[in-house]
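Visitor: So the sequence lines, in the order shown, correspond to chains G and X.
If you read the first sequence in the numbering used here, its first letter stands for residue 1, the second for the next number, and so on.
If you read the second sequence in the numbering used here, its first letter stands for residue 1, the second for the next number, and so on.
You may find that some hints are simply not true.
Some chain G residues judged to face chain X by a derived CB distance under 7 Å, without partners named [what the hints assert, rightly or not]:
#, residue
1, P21
2, Y32
3, Y46
4, G50
5, A65
6, R68
7, R91
8, T98
9, L101
10, F103
DSS-like mimics (lysine-lysine), calculated; alpha carbons at most 30 Å apart, straight line [said to hold, decoys possible]:
#, chain 1, residue 1, chain 2, residue 2
11, G, K69, X, K18
12, X, K40, G, K100
13, X, K41, G, K69
14, G, K112, X, K19
15, X, K38, X, K53
16, X, K19, G, K3
17, X, K41, X, K18
18, G, K112, X, K53
19, X, K19, G, K69
20, G, K112, X, K18
21, X, K9, X, K53
22, X, K19, X, K53
Every beta carbon over 12 Å from chain G, so not counted as near; a handful from chain X, in silico [said to hold, decoys possible]:
#, residue
23, Q6
24, G28
25, Q37
26, K41
27, E44
28, L45
29, V48
30, S50
31, S55
32, H77
33, L78
34, A80
35, S94
36, Q103
37, G106
Simulated from the structure, these hints should not be mistaken for laboratory data.
Beta carbons: idealized from backbone N, C-alpha and C, even for Gly.
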Amino acid sequence: DAKTTQPNSMESNEEEPVHLPCNHSTISGTDYIHWYRQLPSQGPEYVIHGLTSNVNNRMASLAIAEDRKSSTLILHRATLRDAAVYYCILRPYGSSNTGKLIFGQGTTLQVKP
Amino acid sequence: DTEVTQTPKHLVMGMTNKKSLKCEQHMGHRAMYWYKQKAKKPPELMFVYSYEKLSINESVPSRFSPECPNSSLLNLHLHALQPEDSALYLCASSQGDARAYEQYFGPGTRLTVT
C-alpha cells in the first residue's frame, strides 16, 4: 500500500494561512487523497478529499501536485480552533481496501495567538 | 444532522465483565465502522460493516464482538478484556464504503479495563 509522509509538527500564527504538506511518492493513479483532523479530546473530523484536481470547500483547500506525488492542505486563515492533528490518508482501489481508512502519524498543528 | 452518537462516554470494567458500546447515526448511512485509539496514537480500524454485514475484520481478538442490528445502530460487545485494551473506541459512519465517501466520527467511548 502507498504510504504518506507528513512533518510531525508545525506552528502557525492566528489569522495567517497554513500550508500542511504531505508526500505520497508511491501513490497509484486511482488512490484518493483524504484529509482528516482530530481536535483534542474529539473524534476525527473529515476535512477534504480529492483525486487529481485541486479542491475547495468551506473548511480548506487541497492542492494536488501535477504528478500526484505530493499534496498540500491549505487553511486560509488559521484560528485557535484549527489546532489539531492533521492526517493525510490515501484510499486505494480494491475490494480488500473497501471502507478502510488507515491513519498515519499525522501533523500536529499549533496555532499561536 | 451529521451526528454520530456514542454511549457511554466513559466505561470502567473489570477483566471478567461483559459490557457493550453503542453507536447510532440517523444520516441514512449504510457503512459503519469501529476504530480503537490508544493515547497519542492514530486511530486503528477494527471492523467495517456495509449494509449491515461485516465486510472487514482487521484480525481483532474474539473478545471484541461487533453487531449491527439495523442500519442506524452499531454495537461492540466486550468480554474478558485485558488492561491493554484500555483505549478510546471510536465509531464512524459513511454513506457507503466506497473510498470517495467521507466518514463521520463520534466522540468516542473512553474504556478503562482494570
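Visitor: None of the hints should be skipped; say for each whether it holds.
Guide: Results of checking the hints against the structure:
Of the supplied interface hints, the one on P21(G) is violated, with its beta-carbon coming no nearer than about 18 Å to a beta-carbon of chain X, more than 7 Å. Look at Y32(G): its Cβ gets to within about 5 Å of chain X, closer than 7 Å, so that hint holds up. The beta carbon of Y46(G) comes within 4 Å of a beta carbon in chain X, closer than 7 Å, and the hint placing it at the interface holds. The interface hint given for G50(G) is violated, since its Cβ lies 10 Å from the closest Cβ of chain X, which is over the 7 Å cut-off.
Interface restraint check for A65(G): the shortest CB-CB distance to chain X comes to about 20 Å, outside 7 Å, so the restraint is violated. Contact between R68(G) and chain X, as hinted, is not supported at the beta carbon level, the nearest pair being about 15 Å apart and thus beyond 7 Å. Interface restraint check: R91(G) against chain X, minimum CB-CB distance 4 Å, threshold 7 Å, status holds. This hint holds: T98(G) has a C-beta 5 Å from the nearest C-beta of chain X, less than the 7 Å allowed.
At its closest, the beta carbon of L101(G) sits 6 Å from a beta carbon of chain X; the interface hint therefore holds under the 7 Å criterion. Interface hint status for F103(G): upheld, as the beta-carbon distance to the closest one in chain X is roughly 4 Å, under 7 Å. The suggested pairing of K69(G) with K18(X) is violated, with an alpha-carbon distance near 47 Å, which exceeds 30 Å. Taking the CA atoms of K40(X) and K100(G), the gap is about 21 Å. The hint holds against a cut of 30 Å.
A threshold of 30 Å between alpha carbons decides the hint, and for K41(X) with K69(G) the separation of about 25 Å falls inside it, so the pair holds. Simply put, K112(G) and K19(X) have alpha-carbon atoms about 42 Å apart, too far for the 30 Å limit, and the pair is violated. A hinted pair counts as satisfied when its Cα atoms are at most 30 Å apart, and K38(X) with K53(X) qualifies at roughly 27 Å. A C-alpha spacing of about 36 Å is found between K19(X) and K3(G), which places the hinted pair above 30 Å, so the restraint is violated.
Note on K41(X) and K18(X): the hinted pairing holds, with a Cα-Cα distance of about 26 Å set against a maximum of 30 Å. Taken as a hint, the K112(G) and K53(X) pair is broken in the structure, with Cα atoms around 46 Å apart against an allowance of 30 Å. Restraint check: the Cα-Cα separation between K19(X) and K69(G) comes to about 45 Å, which exceeds 30 Å; the hinted pair is violated. About 45 Å separates the Cα atoms of K112(G) and K18(X), which puts this hinted pair outside 30 Å; it is violated.
Note on K9(X) and K53(X): the hinted pairing holds, with a Cα-Cα distance of about 26 Å set against a maximum of 30 Å. Between K19(X) and K53(X), the direct Cα distance comes to roughly 22 Å. Compliance with the 30 Å bound is thereby established for this hinted pair. Residue placement check: Q6(X) does not keep its beta carbon more than 12 Å from all beta carbons of chain G (closest about 8 Å). Listed as outside the interface, G28(X) is consistent with that label: its C-beta sits roughly 17 Å from the nearest C-beta of chain G, beyond the 12 Å cut-off.
The beta carbon of Q37(X) sits about 9 Å from the closest Cβ of chain G, which is not more than 12 Å, so the claim that it is off the interface is violated. At the 12 Å boundary, the C-beta of K41(X) falls inside the reach of chain G, the nearest C-beta of that chain being 8 Å off. Some Cβ of chain G comes within 12 Å of the Cβ of E44(X); the nearest lies about 7 Å off, and the non-interface call is violated. Annotated as non-interface, L45(X) brings its C-beta within 12 Å of a C-beta of chain G; the closest such distance is 6 Å.
Not every CB of chain G lies more than 12 Å from the CB of V48(X), the least distance being 4 Å, so the non-interface label is violated. Not every CB of chain G is more than 12 Å from the CB of S50(X) (nearest about 6 Å), against its label as outside the interface. With a least CB separation of 6 Å from chain G, S55(X) falls inside the 12 Å interface cut-off, contrary to its annotation. No Cβ of chain G approaches the Cβ of H77(X) within 12 Å, the least distance being about 21 Å, so the stated non-interface status holds.
Here L78(X) stays apart from chain G, with its beta-carbon at least about 19 Å from theirs, past the 12 Å limit. Consistency note on A80(X): stated as away from chain G, and its beta-carbon is indeed over 12 Å from all of that chain's, at 26 Å minimum. With 12 Å as the threshold on Cβ separation, the claim that S94(X) sits away from chain G is violated: the shortest Cβ distance comes to roughly 8 Å. For Q103(X), the non-interface assignment is contradicted: its Cβ lies about 6 Å from the closest Cβ of chain G, within the 12 Å cut-off.
Taking the minimum C-beta to C-beta distance to chain G, about 5 Å, the non-interface status of G106(X) is violated against the 12 Å cut.
In this structure, the earlier hints numbered 1, 4, 5, 6, 11, 14, 16, 18, 19, 20, 23, 25, 26, 27, 28, 29, 30, 31, 35, 36 and 37 are contradicted, and the remaining ones agree with it.
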